[in-house]
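**Student:** Residue numbers (my numbering), protein chains in the order written: chain U, 1 to 367; chain F, 1 to 343.
Keep in mind that a hint or two might mislead.
As a list, the in silico DSBU-like pairs of lysine-lysine whose alpha-carbon atoms are at most 30 Å apart [to be verified]:
1) F:Lys124 / F:Lys113
2) U:Lys93 / U:Lys182
3) U:Lys318 / U:Lys229
4) F:Lys174 / F:Lys153
5) F:Lys258 / U:Lys93
6) U:Lys142 / U:Lys229
7) U:Lys229 / U:Lys182
8) U:Lys262 / F:Lys124
9) F:Lys139 / F:Lys124
10) U:Lys23 / F:Lys258
11) U:Lys262 / F:Lys113
12) U:Lys119 / F:Lys258
13) U:Lys318 / F:Lys113
14) U:Lys93 / U:Lys119
15) F:Lys258 / U:Lys16
16) F:Lys2 / F:Lys229
To be clear, the hints were calculated from the coordinates, so they are not data collected in a lab.
Bear in mind the structure is a predicted one, so any value in this text is a computation, not a measurement.
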Amino acid sequence: MRVTFPHMGNAWIAIKCLFEGLKLEVVVPPPCTRKTMELGVRYSPEFACLPLKINIGNYIEALEMGADTIVTAGGWGPCRFGYYAQVQRDILKDLGYQFDLVVLEAPDSRLTELLGQVKSLGDRVSYFEITRAVRLAWNKLKAVDEVEEGLRYFLPRVTDRHRAENIFRQGLEDIDAASNRKEIEAAVNTARSEFNRLATCGEAPVRIGLVGEVYTLLEPSSNCEIERKLGYLGAEVRRSVSLPQWVNDHLLGGILRVASCKDAIGCAAPYLNDWVGGHGQETVGYSVKLARAGYDGIIQIGPLTCMPEIVAQSILGKVSEVEGVPVMTMYFDEQSGEAGVLTRLEAFLDMVRRRKRVAAAGAHRPS
Amino acid sequence: MKTVGIPRGLFYYYYYPLWKTFFAGLGARVVVSPVTNRRIVDDGILTAVDEACLPVKVYYGHVKELCRQGVDFIFAPRLVSVEQRCYICPKFMGIPDMLRAQVPGLPPLIDIKIDVTRGERDLKRNMYQVGALFGCTRKAVDDAYRAGAEEMKRFHSIARSGHPLNDAIELWEKGNRHTGYPACSPATGTGVAGGSQETAAGCSASLTVGVLGHGYSVYDPVISMDLVKRLREMGCKVVTPEMLDPQEVENQASTLPKRMFWSLGKKMIGSGLWMEQEASIDGVIYLACFGCGPDSLVGEIVERRVSHTPFMLLTVDEHTGEAGIVTRLEAFCDMITRRRRLA
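Please construct the entire structure, taking both the sequences and the accompanying hints into account.
**Tutor:** Next up, the structure:
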């Protein structure tokens with residue numbers, strides 16, 4: 001059995017570690033490139049959302065490399081993601097690929113059933129080995145999140161941004177190569193101390209909250225590398241969702257003591273009073289929370305036609321008005337052009353900086 | 001007497017008889033916004049976000065129209081699920097909050113949450129809250145709901161006899177006025193509509209076309225550009241999902257490897273698969289609105305499975321030109337006519 005899975009940001013490091021721990025042969029799909037996107041777009045329904053198309057690209061590239069089993073996650077709506085796997089199976093079977101599709105989904109998101117499904121994948125290993133694999137994968141997930149956090153903090157502050165990115169890349173490589181907890185910690189510590197040695201430019205960056213749909217937030221190829229662009233433009237980015245938090249909230253039912261989205265969801269009322277599927281309520285909640293925490297601007301991102309994000313977008317105008325924070329919504333699909341995205345980000349940041357300056361200058365004058 | 005405004009959009013087409021009877025039973029006067037027109041559409045487009053789908057924009061337009069008419073309440077329920085373990089669309093779950101954030105001068109909304117997955121008691125409790133707005137006792141609310149459910153049965157039997165839902169609503173209301181609606185021949189056989197298929201004068205229906213699509217797009221004359229009427233004028237007999245036997249549709253839908261968790265999507269797939277097997281159906285047209293999330297996947301599943309019957313996916317939005325639609329419909333009908341002649 002040669003197992004593959006779809007990309008979602010740097011999650012592959014942890015997923016690969018988990019599957020290897022289950023003694024499975026893993027085929028990590030090649031990094032998402034223009035070719036991935038083109039393959040996905042060619043064979044996917046035209047109006048499907050972008051994550052489905054990139055998934056298809058990943059699958060085709062991995063199947064061409066000899067994978068014969070695809071493992072992915074599922075769900076029970078109302079977001080489209082819950083039906084992805086079914087459509088993707090139809091598409092790939094019609095293209096003539098031979099493969100098995102394993103969809104990890106628990107009917108009521110119960111942890112025991114999920115563990116059972118993971119166990120059924122690795123039927124040659126003991127529960128002890130599974131526990132060890134899950135624990136190592138979880139540590140890698142947290143470590144990746146930590147170096148990403150470091151990059152988000154240092155990128156807008158340092159003078160040599162390429163160097164910062166190289167440290168980040170090296171950090172990821174070290175985490176991927178690590179085989180126990182000690183090595184993972186060492187990799188994170190090395191990255192941290194190297195980040196700290198970089199010269200800073202001394203200017204306080206503007207702080208931008210990045211909210212929206214989880215895949216678009218986590219996968220740079222689906223958002224024209226928006227985080228990186230913002231960092232280069234001198235903005236410190238706070239992403240509403242992190243991988244460990246998402247795994248904890250959505251796969252583990254929130255049992256671990258890492259940051260949860262629950263407090264943010266509390267902030268969504270009275271703007272959005274109910275769950276609307278996907279991350280709609282989180283998007284509104286985090287926008288309110290970050291606005292109240294003094295962030296200078298909010299950028300909402302999602303794939304074009306994403307239903308929960310459209311609900312959130314409809315409501316963010318009101319949030320912006322009442323909470324007094326600039327909000328911009330950007331949707332991405334295969335047509336999104338680099339230059340257009342960059343221009344919009346520059347304009348937004350110019351506006352945010354000016355607003356900050358005017359507010360500082362007019363602090364003593366009656367408004 | 002308090003007035004309740006019901007926007008003529010979204011689930012109006014599926015539940016109007018229930019809603020109207022219910023509110024009338026509570027002693028309210030029910031006002032429905034006019035049939036969709038250009039002004040309503042434009043108003044909705046200006047108010048809603050660009051990325052929303054056309055039916056949601058049209059719904060906004062209807063709500064604004066009701067605001068202008070000065071009703072006391074607008075009924076805009078938060079529709080989470082109308083059948084067990086099925087959703088409709090995230091936008092239906094957020095629509096009251098969306099309206100509050102974007103429509104200025106909105107009268108109080110009756111935005112009860114309808115979520116049958118949570119059980120009947122939850123639904124009843126929400127209905128009693130609505131009853132309290134009109135000073136009604138629980139018994140009065142129960143009676144009003146029961147009367148509404150009765151009317152729904154009547155409405156469904158009208159639809160089953162071969163009337164598109166917008167016509168069925170009209171016939172239902174007419175029936176209310178004169179007691180007893182015009183006789184329609186009952187559904188025959190496995191559920192294809194029987195008599196009352198109106199086609200152009202003197203033209204016998206030579207083609208039978210299945211039309212799939214969400215009720216609020218297919219039956220709205222502006223969104224669908226009068227699709228059903230146009231097909232009939234071309235001499236086609238039209239079959240829509242509401243004319244089929246619900247159990248048959250359900251059975252077909254349950255052949256999918258994974259249970260479909262969208263109510264309307266399930267109906268489209270079940271109907272589509274039924275039409276594929278039914279020899280009397282010459283072609284299937286799937287009307288989708290640009291940006292519809294469920295349809296982007298459901299349409300794909302139907303298209304891959306309806307492989308022997310000619311199939312056309314028609315995507316519309318607010319820019320749709322009438323001539324383009326007419327051309328495509330004519331071409332489709334010509335193609336299936338020729339195909340039948342050759343067979």
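**Student:** None of the hints should be skipped; say for each whether it holds.
**Tutor:** Now for the hints, and whether the structure bears them out:
A hinted pair counts as satisfied when its Cα atoms are at most 30 Å apart, and lysine 124 of chain F with lysine 113 of chain F qualifies at roughly 11 Å. Only pairs whose Cα atoms come within 30 Å are accepted, and lysine 93 of chain U paired with lysine 182 of chain U is rejected, the gap being roughly 43 Å. For the hint linking lysine 318 of chain U to lysine 229 of chain U, the alpha-carbon distance of about 27 Å falls within 30 Å, and the restraint holds. Only pairs whose Cα atoms come within 30 Å are accepted, and lysine 174 of chain F paired with lysine 153 of chain F is accepted, the gap being roughly 16 Å.
Pair hint lysine 258 of chain F plus lysine 93 of chain U holds up; C-alpha atoms about 16 Å apart against a cutoff of 30 Å. Among the hinted pairs, lysine 142 of chain U with lysine 229 of chain U is consistent with the structure: their alpha-carbon atoms are about 24 Å apart, no more than 30 Å. As the CA atoms of lysine 229 of chain U and lysine 182 of chain U are separated by approximately 33 Å, the hinted pair breaks the 30 Å bound. Of the pairs offered as hints, the one joining lysine 262 of chain U and lysine 124 of chain F holds, with about 29 Å between alpha carbons and a cut-off of 30 Å not exceeded.
Simply put, lysine 139 of chain F and lysine 124 of chain F have alpha-carbon atoms about 11 Å apart, close enough for the 30 Å limit, and the pair holds. For the hint linking lysine 23 of chain U to lysine 258 of chain F, the alpha-carbon distance of about 29 Å falls within 30 Å, and the restraint holds. With a C-alpha separation of about 22 Å, the suggested pairing of lysine 262 of chain U with lysine 113 of chain F holds against the 30 Å cut-off. Only pairs whose Cα atoms come within 30 Å are accepted, and lysine 119 of chain U paired with lysine 258 of chain F is accepted, the gap being roughly 22 Å.
For the suggested pair lysine 318 of chain U and lysine 113 of chain F, the alpha carbons sit about 22 Å apart, so the restraint of at most 30 Å is met. For the given pair, lysine 93 of chain U sits about 26 Å from lysine 119 of chain U by alpha-carbon distance, which is consistent with the 30 Å threshold. As the CA atoms of lysine 258 of chain F and lysine 16 of chain U are separated by approximately 27 Å, the hinted pair is consistent with the 30 Å bound. Simply put, lysine 2 of chain F and lysine 229 of chain F have alpha-carbon atoms about 36 Å apart, too far for the 30 Å limit, and the pair is violated.
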